[in-house]
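One line per chain: the protein sequences are A and B, in this order.
For the first sequence, counting from 1, position 56 maps to 55 in numbering that gives the first Met the number 0; every step adds exactly one.
For the second sequence, counting from 1, position 53 maps to 52 in numbering that gives the first Met the number 0; every step adds exactly one.
If you're looking for bench data, these hints aren't it; they were derived computationally from the structure.
Small disclaimer: the values here were computed from a predicted structure and weren't measured.
Keep in mind that a hint or two might mislead.
[Said to hold, decoys possible] Simulated pairs of lysine-lysine, BS3-like, Cα-Cα distance not exceeding 30 Å:
id, chain 1, residue 1, chain 2, residue 2
1, B, K40, A, K210
2, A, K210, A, K150
3, A, K150, B, K40
[Claimed, not checked] For the chain A half of the interface with chain B, some residues (derived, Cβ under 8 Å), not all of them:
id, residue
4, I66
5, D69
6, A216
7, D219
8, R245
9, V246
[Said to hold, decoys possible] To spell it out: a stretch of chain B is covered by chain A in this simulated footprint if at least three of its residues, at any positions, have a beta carbon under 8 Å from a beta carbon of chain A; those stretches are:
id, segment
10, 2-10
11, 81-92
By construction, the Cβ of each residue, glycine as well, lies at the ideal position given by its N, Cα and C atoms.
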Amino acid sequence: MCSVCGCGEVQFRPVADGARAQSATVGWRPAAVTANAAPVAELPLDFGSGPARAHAPGLSQGQMVRIEQDILGYNDRLASANRAWLAARGIFALNLVSSPGSGKTTLLCRTIRALADECPVTVVEGDQQTEFDAERIRASGARALQINTGKGCHLDAQMVGRALPILAPADDSLLLIENVGNLVCPAAFDLGEAHKVVILSVTEGEDKPLKYPDMFAAADLMLLNKVDLLPHLSFDVDKAEAFARRVNPALQIIRVSATTGEGFEPWLAWVRLGLERATVGATRPTGLTRMAGG
Amino acid sequence: MHEMSLAEGIRSIVESAARDGGFSRVTRVVLEIGALSAVEKDALRFCFDAVMRGTVAGGAVVEMIDLPGAGLCVQCGRNVPIAARYDACPACGSYRVQPTAGMEMRVRELEVE
Ligand SMILES: Nc1nc2c(ncn2[C@@H]2O[C@H](COP(=O)(O)OP(=O)(O)OP(=O)(O)O)[C@@H](O)[C@H]2O)c(=O)[nH]1
Ligand SMILES: [Mg+2]
Ligand SMILES: [Zn+2]
Ligand SMILES: [Zn+2]
Ligand SMILES: [Zn+2]
């Protein structure tokens, strides 16, 4: 199902708040993809029987070179750069991950409204297509930047790194990144966030944490959403939480409803604590000037 | 998971190693894949072939070395082998096992000309 991930055309759509709405679209094809596109015309027609195919270990005169490099090392280096950029400004960044439709955007909108008088919030919205989610965020009062990943099924550190100076979040603010709805890939791609927050909704079944263990292992907090629907379902909350903790014993869990607001006090308290720590721990170099924009 | 992205990551590692080392051809790419890394090896093989076409490693053989998973059991304090993240400790049955090895996804070595 992931044979297309990472190779789509990526578009950035900065969306300013209110009347200032500008909608620039930056088409972006990752360099790696473009680099590969050119030589295709020169391909030999015989795929899969080139000389190297006939290689038998031990018979070749080729020389072995040890390189020992992490496959995701490039993404990890860009994520570290994002993390340093955020830390220098005291910005608390969360990467929200879940399957499609578990309530990420609804939850973000309510969170933005609840924090409206406390601190500025900006949002990076990742979706394969459409600007719908960024528009919903804008309606709730925050600035949002939509990244359309095309065929790509996750955000990566390079996309977020490009979004940061465009979005230009204020110092000591909250940055919420809504990842593409997908419980698989986003687990492996560090964006530079302080925490991954996984959202599981009670309409999805208790066994999700065991079916997609990597995501639940990568997260620090799980929000169990749509608890307002529990009376109508046979979802076993204790079982779901036990499965999640089996994969990640240190996982914190909060039960919420993004539509009724149930459970929002502990969730907001968790966010406030993170904001405070980001501000106190900020590595702000003296004389740092903020990027223009926003 | 995301095998195409992984294959692209491998390609950029191989291409820059070839550039730095002045290799004209890469004929074999040896990967280390941990048991807990959730890599679909068949899918990765497929993506590898597609992504390497037309590069210095076009047609190269990809070889994958499996690295075992291991974890520290919080309950009994033992270092134990595990095959998946949600496996119970084989010694005491607890699920509180923190993975310590098996998450690797590395390019280990290249055969070059
Ligand atoms: N009953 C109930 N419905 C909810 C809750 N949260 C979200 N929904 C509904 O679930 C549907 C999907 O919500 P979204 O917020 O769009 O979900 P999402 O995770 O952002 O979806 P994608 O971005 O498409 O992956 C909408 O119809 C919401 O109204 C909740 O707490 N309770
Ligand atoms: Mg959404
Ligand atoms: Zn992906
Ligand atoms: Zn994928
Ligand atoms: Zn044990």
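Status of the hints after comparison with the structure:
no., hint, result
1, B/K40 - A/K210, "holds (18 Å)"
2, A/K210 - A/K150, "holds (23 Å)"
3, A/K150 - B/K40, "holds (21 Å)"
4, I66, "holds (5 Å)"
5, D69, "holds (6 Å)"
6, A216, "holds (5 Å)"
7, D219, "violated (14 Å)"
8, R245, "holds (4 Å)"
9, V246, "holds (5 Å)"
10, 2-10, "holds (count 8)"
11, 81-92, "holds (count 3)"
The structure is inconsistent with hint 7 alone, although it conforms to all the rest.
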